[in-house]
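Asker: Chains R and F, in that order, are what the protein sequence lines are. If you're matching positions, the first sequence starts at 10 in the numbering used here and goes up one per residue. If you're matching positions, the second sequence starts at 12 in the numbering used here and goes up one per residue.
Hints were generated in silico from the structure; no laboratory data involved. Mixed in with the good hints, there may be bad ones.
[Stated by the list, open to error] Listed next, the in silico DSSO-like pairs over lysine-lysine satisfying Cα-Cα at most 30 Å (straight line):
#1 F:K54 x R:K51
#2 F:K76 x R:K54
#3 R:K116 x R:K51
#4 R:K112 x F:K54
#5 F:K54 x R:K116
#6 R:K51 x F:K76
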Amino acid sequence: DIQMTQSPSSVSASVGDRVTITCRASQGISSWLAWYQQKPGKAPKLLIYTTSSLQSGVPSRFSGSGSGIDFTLTISSLQPEDVASYYCQQTNSFPLTFGGGTKVEIK
Amino acid sequence: EVHLVESGGGLVKPGGSLRLSCAASGFTFSTYAMNWVRQAPGKGLEWVSSISRSSSFIYYADSVKGRFTISRDDAKNSLYLQMNSLRAEDTAVYYCARDNVDTAMLKDYWGQGTLVTVSS
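Isolated chain R (complex conformation):
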């Protein structure tokens, strides 16, 4: 099974700050990585797929990069509405696996 390790588990930043979340796969997954945003009490929402493709309607301050084993989600300028938990997921093979999540808060 492919293990997905996210860091940090939580981050507190000010409005306008750049926030970076990393996700590491236990083996190479090419570019088969997605990121989801989950606001408190809500269902997850797809943000980014195949590492760097932005889902329709997602603000351009979100971006993704990486390949192989190491991946990054960046919020270029943190906004209050970005308070949420973020999860990476490998879309390479079954069993499907998610990272443990990163909780983003406003300082």
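Assemble chain F onto chain R, guided by the hints.
Answerer: Same frame as chain R, now just chain F:
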């Protein structure tokens, strides 16, 4: 607009059974693979099971294999999860999620979830 609405959750005793349903609308259900993903209280996301179009391929997480059964009824635009031999560790919100038609294993729409509580 895509809508996924889960139902069937509730309180069940350890060893009991429950059947979850997911009603889909706003897209051609039969042409999409579908999934169940769960989230224990205060925890992260855990993939549970996937079913391909026409039910040709079915996959389960090891944690539920042999106890849970995924199925679909394309005539009713519905996805199901039959859960048997339930354990306390199965307590979670269960989400129905659609796979993207172009990128396999990518969940592009999610329902709001239904809570399953396993407790005596």
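Asker: Next, verify each hint and record whether it holds.
Answerer: Comparing the hints with the structure gives:
1. F:K54 x R:K51: holds (14 Å)
2. F:K76 x R:K54: holds (27 Å)
3. R:K116 x R:K51: Holds: K116 of chain R and K51 of chain R sit about 22 Å apart, inside 30 Å.
4. R:K112 x F:K54: holds (11 Å)
5. F:K54 x R:K116: The hint holds at about 23 Å.
6. R:K51 x F:K76: Measuring from Cα to Cα gives roughly 27 Å; hence the hint holds.
Every hint, counting from the list given before, is met by this structure.
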